[in-house]
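Asker: If you want the building blocks of each chain, they are given just below.
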Amino acid sequence: MPPAAELVDATKKYGDVDALRGVTIRVELGEVVAMLGPNGAGKTTSISLLLGLRKPTSGKALLFGLDPTNLDARSRVGVMLQESGVPAMLKVREIVDLFRSYYPKPMPREAAIATAGLEEKANALVKELSGGQRQRLYFALAVCGDPDVLFLDEPTVGMDVEGRRSFIERIAGFARSGRTVVLTTHYLEEADQLAERVIVIDRGLVIADAPPAEIKSRVAGKRVRFSAPALTEKDLEGLPVTAVTIDNHSIQLLTNQPESVLRELFRRGVEISDLEVAGADLEDAFIAITSH
Amino acid sequence: MLFRQTSAEFLKLWRVPAFSATSLLLPVVFYAFIGIGQASQRLQGTHVTFGAYFLASMAVYAVANVMIFSFGIAVANERGMKMDLLMRATPLPPLVYLLSRCITAIVFAALTLVVLFPFAYIAGGVRLDGSEWFTLAYRVLLGSIPFIALGFAIGYLAGPNSAVAVINLIYLPTAFASGLFFPKQLLPQIIQNVSPYLPLYRFGQLGWDAIGAPTSESVTTDWLYLAGYGIAFFAIALWAYRREESRKFS
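Protein chains in written order, with my numbering: chain A, 8 to 299; chain B, 105 to 354.
Simulated from the structure, these hints should not be mistaken for laboratory data.
Since this is a predicted model, take the numbers as computed values, not measurements.
All residues carry an ideal CB built from backbone N, CA and C; glycine is no exception.
Do not take every clue at face value.
[Unchecked claim] Now the in silico label distances, taken between C-beta atoms and shown as ranges:
no. : chain 1 : residue 1 : chain 2 : residue 2 : range
1   : A       : G180      : B       : I335      : 49 to 59 Å
2   : B       : R119      : A       : L78       : 23 to 33 Å
3   : B       : L147      : A       : L132      : 24 to 34 Å
4   : A       : A179      : B       : L342      : 39 to 49 Å
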């Protein structure tokens, strides 16, 4: 059986800009895959190619082994896109019914609305919805066709913490029913919670493709975090660290030898406070992998 | 699918009063202001009343208005709000989408006639043969097709916020210049010279001829002119659509 979605050595140029520089990705049916990467890494471009919204400059994009613009392939796919609009003057249940009519075997309308938690807004006009509710409406539209594969491009963008948490739970619920989910995100915890596989994209290339645990283990080590208002770059020179993040006076280091790092810092006479040493998480791994 | 899409398109337009109210009521208001006062006067040398003549004018105005605005504004809005992106990722066949739009516009156009005809009958005392009512209705609906293409072209060429302004700038002056509000003879000579080449003038001739008013050329000539404009507008719309495609979706 052909994979659910596949990019084969795909490149994409927008004018002079190389958005993708040879990406190969294979998503099998039933997988839950997160595409992770900083803004502009090529996540949305990859999704656009897989959905047939854009054509690869070279290489191939396939859905179920078919061209992504093929309507049979598309009728097995549900989509949530960044920055897409829906008609403001339709009611939630009307637009859900409209999208259901595009698919051969849609969910019942109530089920689609309930999956997105919009029961109370079923009779509201789209223009009356809040940002978070609108995002959930897009989710309802993505799942209402009962698709085999769900593409979610930055599904939780603009949501508050609580909204994001419950939304992740909805996506996980859908994935548990054996469906394939491909989502892009720059929230690492989302990838960690949802995905069996994380594809890290950076500057148009796949730089890692592995289960979240394996990606974390690439940064076998510890995260050392502290504040040091008087710290200069010179103080960090030559330390056995794999990544450094400096945010104002808060410094974060990734290292396999936290003890030697701290000993050296103290020897150099650096004043530090709020010291914290912990095991590295996916976020740290991500920083380590993509640090330029 | 076609039915759902059509009813959704219809609701989308219906719930925008700026569109639905103006396109349904404005022709009636114009008819009340201009047509009723002298409705029973006969056009010089004919038995046709001004009420009937102006009914034909307003029918043409109303239907072309629906076609240009519904397509122009819908397309421009869609581009502005990026609705086209999500629709494109669905299995909705583009032809169904296009067809649903056309059906919606034709239904809307027919509705304007449903409002306008009885109003002219009651308030304007317009009495026509059954065949004349019918001829007027089918000619204005069929003759409006070039204006669909024009609406599309403007929708793709104008920005989302300027589409309404652009359409008004084009549509209102040409409606005047085509003699839809005042008979052509009352217009300045320079405009009289231009008007035979305006698509709305040709469209108007079809309406006036339908109710028995004299027109300057044969109906066939008017149809041929409209067909020519239709092809030209369609070509422009197609070009604009392709341009948009290659920019956004290649």
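Asker: Give a verdict on every hint.
Answerer: A quick look at each hint next to the structure:
1. G180(A) with I335(B): 49 to 59 Å: Distance hint for G180(A), I335(B) holds at roughly 54 Å.
2. R119(B) with L78(A): 23 to 33 Å: For L78(A) against R119(B), whose Cβ atoms are near 29 Å apart, the range 23 to 33 Å holds.
3. L147(B) with L132(A): 24 to 34 Å: For L132(A) against L147(B), whose Cβ atoms are near 48 Å apart, the range 24 to 34 Å is violated.
4. A179(A) with L342(B): 39 to 49 Å: Holds, since A179(A) and L342(B) (Cβ atoms, about 46 Å apart) stay within the stated range.
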